[in-house]
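**Q** Here's the letter readout for the chains.
Number of protein chains: 2
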Amino acid sequence: MIRDVLDRVGDKWSLLVVATLDGDTMRFSELLRHIPGISQRMLTLTLRQLERDGLVTRTAFAEVPPRVEYALTALGRTFVDIAHTIARWAITNHPTIEESRAAYDAR
Amino acid sequence: MIRDVLDRVGDKWSLLVVATLDGDTMRFSELLRHIPGISQRMLTLTLRQLERDGLVTRTAFAEVPPRVEYALTALGRTFVDIAHTIARWAITNHPTIEESRAAYDAR
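Residue numbers (this note's numbering), protein chains in the order written: chain A, 1 to 107; chain B, 1001 to 1107.
Simulated from the structure, these hints should not be mistaken for lab results. Possibly wrong hints are sitting among the right ones.
[Claimed, not checked] In silico negatives: residues of chain A with every beta carbon more than 10 angstroms from chain B:
1) 40
2) 43
3) 68
[What the hints assert, rightly or not] Short, incomplete list of chain A residues facing chain B, as computed with Cβ under 7 angstroms:
4) 32
5) 53
6) 101
7) 104
Glycine is no exception: its CB is placed at the ideal position from the N, C-alpha and C atoms.
Please work from the sequences and hints to get the whole structure.
**A** Below, the structure is given as structure tokens:
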């Protein structure tokens, strides 16, 4: 039960997509540009999972060419705080982790 | 840079191992029993990564039979707070996520 939610919460790309969508409505192409390293396929999969989990809405506008926009839901916004907490922790502790890795690899 | 730390922070098994080690020194076999669903191989890998990242210490006692114990480092303890925040979020929102998934799958 909780573990599969941890899968979502623990998924790096979900964290980055949610953090990128924070306070914004974005199109697929914008998201692709804003998240370095994510492939088109991975972004498609991640958005679909986030939509299925109720963290993101997908709105398609009947226009030519068709326009699709993504935004966070209320639940998604509660998840953003966690994403930011994790990002802050990562930024703060990255140097210490790098030192530890170097020492471990030098053993 | 941050993304590979997110890999660690975002890894479900790392979160569960750290949360399980919170305030405790445990042997491998105890960890294996306390984390349902984790394989021996995955626990070995996860502990090695956590040790390399400086979140966990591994202490081997020169006894017969040999005894090995794992504990959180100071850095590991700062990571525990994040693990608990994520777990609380998961527990709180799991019903909403399950409802959303059911609705999505019924489309």
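**Q** Indicate, hint by hint, whether the structure satisfies it.
**A** Hints, verified against the model:
1. 40: 18 angstroms, holds
2. 43: 15 angstroms, holds
3. 68: 16 angstroms, holds
4. 32: Where the cut-off is 7 angstroms and the nearest Cβ of chain B is about 16 angstroms from residue 32 (chain A), the hint is violated.
5. 53: 5 angstroms, holds
6. 101: 5 angstroms, holds
7. 104: 4 angstroms, holds
Hint compliance for this structure: hint 4 is the single one not met.
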